[in-house]
Amino acid sequence: MDDDDFLALIAELETQLLEVGASELADENNYTHRDENTGEDRLLEPRERLIAMLHAFDRFLAVRDGSTFRNAMSRIRQYTNGGGPERVLFLPVADESVRGERDFYDVPDLSDVPDLSQVRRSVALLIEQLRSEPEPRPRGGAL
Amino acid sequence: MDKAAASKEIRNIFSAYKKLTPTDRKILNGLKKGKLYELYVLSWVVRDLAKRGFILTFNGTSLQFKGSPGKIKNSEPHFQITSPNATAPPLYLFVDIEFDTLGSTYVGVSDMGRLVPHGSQDHREFLLIELKRPSLSIGRKELDQLEDYVNSILAQPDFVNTSNNWNFYLVTSEYDDVVKERITQENRAAGLFIDKPNHKVWVKSWAELLREAEGRLKFVQDQLRIEVSTDEIEKRIAELKASVLKSEALDLGEGSAEMTENGTQGGRKRSSKAGNQPPSPPP
Numbered sequence: 001m002d003d004d005d006f007l008a009l010i011a012e013l014e015t016q017l018l019e020v021g022a023s024e025l026a027d028e029n030n031y032t033h034r035d036e037n038t039g040e041d042r043l044l045e046p047r048e049r050l051i052a053m054l055h056a057f058d059r060f061l062a063v064r065d066g067s068t069f070r071n072a073m074s075r076i077r078q079y080t081n082g083g084g085p086e087r088v089l090f091l092p093v094a095d096e097s098v099r100g101e102r103d104f105y106d107v108p109d110l111s112d113v114p115d116l117s118q119v120r121r122s123v124a125l126l127i128e129q130l131r132s133e134p135e136p137r138p139r140g141g142a143l
Numbered sequence: 001m002d003k004a005a006a007s008k009e010i011r012n013i014f015s016a017y018k019k020l021t022p023t024d025r026k027i028l029n030g031l032k033k034g035k036l037y038e039l040y041v042l043s044w045v046v047r048d049l050a051k052r053g054f055i056l057t058f059n060g061t062s063l064q065f066k067g068s069p070g071k072i073k074n075s076e077p078h079f080q081i082t083s084p085n086a087t088a089p090p091l092y093l094f095v096d097i098e099f100d101t102l103g104s105t106y107v108g109v110s111d112m113g114r115l116v117p118h119g120s121q122d123h124r125e126f127l128l129i130e131l132k133r134p135s136l137s138i139g140r141k142e143l144d145q146l147e148d149y150v151n152s153i154l155a156q157p158d159f160v161n162t163s164n165n166w167n168f169y170l171v172t173s174e175y176d177d178v179v180k181e182r183i184t185q186e187n188r189a190a191g192l193f194i195d196k197p198n199h200k201v202w203v204k205s206w207a208e209l210l211r212e213a214e215g216r217l218k219f220v221q222d223q224l225r226i227e228v229s230t231d232e233i234e235k236r237i238a239e240l241k242a243s244v245l246k247s248e249a250l251d252l253g254e255g256s257a258e259m260t261e262n263g264t265q266g267g268r269k270r271s272s273k274a275g276n277q278p279p280s281p282p283p
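Residue numbers (our numbering), protein chains in the order written: chain A, 1 to 143; chain B, 1 to 283.
All the given hints hold, so there is nothing to weed out.
Only some residues are given here: those of chain A computed to face chain B with a beta carbon under 10 angstroms:
no.	residue
1	Leu9
2	Asn30
3	Leu54
4	Phe57
5	Val63
6	Gly66
7	Ile76
8	Gln78
9	Gly83
10	Glu86
11	Asp109
12	Gln129
Since the hints were derived computationally from the structure, they do not count as laboratory data. In this text, a Cβ means the ideal position worked out from N, Cα and C, and glycines have one as well.
Produce the entire structure from the sequences given, and follow the hints as far as they go.
What follows is the structure in structure tokens.
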């Protein structure tokens, strides 16, 4: 693949990221490096940028992944006398004087968060495959 | 792998993720607010404390992460931590890490806020600072939000018909041209967005704040950089010494050559002091 191919893949990834509400990950300004000679910030080369964006998406998934929840709970229980908490609740409104009665009994349990480990494995595999690609041909490609 | 295969794989990954995305709006909200990340960090804090010899017990049945500021209460679930040093008092670890700031005691929620001391007990000076995340460039929308926020605070029953003065600061990395126009008006200090008798609203960038602070610091440094020659120091010490000795002599009523010559015996200075005293009672 050449740089144009990687740029097309970046465009595809940006569209997908925007669709799932990860606009910050789609912003190319987050994928720059400092040019040591000029001191200017420059965009990463297309292949590196694509890989960096996929890494960022993996982090995005990690904080939404049920396996992160289970690992954290297992760690807490391992190091807490008496076993630690049974559940983890998210209270949208903190103060019970403000919180409605319905809200109080309808608190989401974070253990219901879906397992995304398979999706994350696919992301890791794609990163691996992109890394093992030969150096991208120059733009336009023809010698 | 070619481009078509990579593109297909990207679509497959996102398709799989979308199918697994929770439909429960509240769970989604919790995830967006980073609650799972908080749990992850907490698990490492617990592990590290245990590895350092602390003994942790959990008081309660469920951990409760809060989506908005709330008070820390002993009655709510938390960890109790016993130090390896048996004589040390127990420690408590709460997960509702969002809490009211100083200013919120008076005004609800803000990033930073404080009551500024004032000479009069009836009057209160408030300083409220709202910090915006660095990646956000503020525009008309944020300015309108700030104005609504200020108005809602000023309308609180606690502050109606009481003597208060407010300074609101919105601090940001950058602002757009609309904001710039509204905070750079003729005959007004730069950054002043609203100027009312009992409140002022300022918009400042970090760069401006730092520049102003540097300016003030330089002014103070310049004032402290006083060059005085040795002769000047000695002259001033001599003058000071003379004036101290003179007033001591006057207070003790010993008189001096000058006073004796003037025949005032204690002189004008003493009489002026005496002039403040009540007249002597009649014999």
